[in-house]
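A.B. asks: These protein sequence lines are chains A and B, in that order.
FYI, the numbering for the first sequence is 1 to 120, going by this note's numbering.
FYI, the numbering for the second sequence is 1 to 171, going by this note's numbering.
The hints are simulated quantities; they were obtained by calculation from the structure and are not laboratory data.
The C-beta atom is built at its ideal place from N, Cα and C for all residues, glycine as well.
Mixed in with the good hints there might be a few duds.
[Stated by the list, open to error] DEER-style ranges, computed between Cβ atoms:
hint	chain 1	residue 1	chain 2	residue 2	range
1	B	F143	A	Q35	50 to 60 Å
2	A	Q37	B	R61	26 to 36 Å
3	A	Q35	B	R144	49 to 59 Å
4	A	W104	B	G100	49 to 59 Å
5	B	M7	A	G107	21 to 31 Å
6	B	K140	A	G20	36 to 46 Å
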Amino acid sequence: MMRRVFVIAGRVLVILLAAGFVTLGMLWWSGQNPQFQSPAHGDTLSTGGSTGHPEGAIPPGGGLRDGTGRGLHGRGVVAGGGGSLAQNLAVIAGITLAVVLIRWIWGLVFQRRAAMLPRT
Amino acid sequence: MNKVNFMIDAGIFAAFLAAEEPRLTGINWHEWLSVALAATIIVHLLLHWRWITNIVSKYFRKLWHVSRLKFIVDLLLFAAFTGVMVTGLMISRSVLPFLGIQAAPDRTWNSLHSLTAQASVILLGVHFALNWDWVTGMVKTFFRRLFRKAEASGIRPALVTVPKDKIRGQS
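Next up, chain A with everything else stripped away, as it sits in the complex:
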């Protein structure tokens, strides 16, 4: 039992390590340097309002904004881009249909070619 727990813990560690390497790669690629500050001294964190917006409301036509007035989560699916739930579903359905069709045609072509080849 203990061995099993250690094995699972080791695997989780491997996954987290892989995620760590991906994060490092992303930071290197984007040139970003994550900086943290204490919430007590931060000027962007607010407890006012149900959404956390300094004025307690979501600005019309946009998403949440920080204290500087810059949009944090603007229009669009995530952080100012992308589509809605229906659009995301449509993208996934479209890709699925395309891949299934390609694989079907691919299979047809190869099956026909295999059928035409003389048996050895």
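Dock chain B against the given chain A, drawing on the hints supplied.
C.D. replies: Then chain B, alone, in the frame of chain A:
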């Protein structure tokens, strides 16, 4: 085991779609749902550990195989998911402050979050499509079992026989 996998995968798919739409859930739910999704993805990877190690060990032995394509797509999906999670944490308004941490605001995190989120949708579509046979197989098995159970209990869901005299009585 397949049933557990299917249920977890269906849950991940639904949670992913919900997490990709912050307007649907609100920012707080969006963030906490994403954290829960990250934990579930770790469970998903643990359940498929044998497949992952098999593919890694056989990767260079055979030049072309569907599993190889699946592995590459899965690697990219993992990278995209990690990117979404990390950048999401950096612009977090609930999760990090809850832990007593606050990231300094930077617009680049938003752009990266957007980019990786969109990449995740596309890669999830490819991942779903490459595992389409398994999904349809599971759905078919589920309905076959349901049909068998219904037949065993005397219910015939597809064919409902109505006695002729009852039909006459109604008219």
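A.B. asks: Could you run down the list of hints and mark each one as holding or not?
C.D. replies: Hint check results:
| no. | hint | verdict |
| --- | --- | --- |
| 1 | B:F143 / A:Q35: 50 to 60 Å | holds, 53 Å |
| 2 | A:Q37 / B:R61: 26 to 36 Å | violated, 50 Å |
| 3 | A:Q35 / B:R144: 49 to 59 Å | holds, 56 Å |
| 4 | A:W104 / B:G100: 49 to 59 Å | holds, 54 Å |
| 5 | B:M7 / A:G107: 21 to 31 Å | holds, 30 Å |
| 6 | B:K140 / A:G20: 36 to 46 Å | holds, 40 Å |
Violated hint for the displayed structure: number 2, the only one.
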